[in-house]
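A.B. asks: Sequence:
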Amino acid sequence: MTREAALTQVRKLLNMTTNNGCTEAEAATAAGMAQKIMLKHDLAALDVDAPDEDDDGPIKTWEDPLDRMPGKLRQIWRGQLAQVLCRANGTQVFWSNDGKPTLKIIGRASSVMATRYMYDFCVREMERLAKQYRGNGRTWMNNWRHGAVSGIQRSIADAREAARQEYANETGTSLIVIDKALAVIDARLAETKNYMDRKYNMRSLAQANNGYNSSARATGQRDGGGINLGGGNAALGGGNKRLS
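Read in order, the letters of the sequence shown are residues 8 to 251 in the numbering used here.
No wet-lab data here; the hints were simulated from the structure.
Please note that a few of the clues may not be correct.
Subject to a maximum C-alpha distance of 20 Å in a straight line, what follows is the list of computed DMTMM-like cross-link-like pairs (lysine to aspartate or glutamate) [as the list claims (entries may be wrong)]:
id, residue 1, residue 2
1, 206, 71
2, 187, 177
3, 187, 204
4, 107, 71
Computed from a predicted model, the values in this text were never measured in an experiment.
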């Protein structure tokens, strides 16, 4: 399967949402299938040789932002979520302003495309899950969102290892070869970071903590860990370069 074909199939699967008439179970299954396709596509391409970078275009800052805030204030949890997913896809993100705070994304074409899919899906799921906690107040909800991002981050790490083992078992490819492929992925993440540092003199997104609520954070971590983007165990999967 070519990268373009994989992305087309993934796009169709990720459009199977509750908003589009699917049940939650159907949407979760479709998301899991999408993540499995993306992860295996990249590992299959990388287990012997790294792909030709020219096929994916240069690293650049994309004019179309990853997200634009609805108001004049930054929603810090969105920046943290973007950073988690960019690390998993070999891209970078930073805050900008074009009248409203925006999240600008840096990376190669398919890496950026995959990051957008994952980000949009996670935001939709977090907004859906947050509805059950209405009435808990702004500080509680803010802590819940930060906790949910933490849960997603933990699930990415868990699913990366699970997928690494599964791919080795299914294909007979040695874990040494797969680890070399994943090392290439991590190297590309460093490459995009160096690009951002050189061009913008940035290091990371600013963090904020306006009141800490451990119960809300724990609830968010649990809920975020259950956002199913891969595998059959309700884990957001695949810390790979471009999930494509």
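A.B. asks: Does the structure break any of the earlier hints, and which numbers would those be?
C.D. replies: Violated: hint 3 alone.
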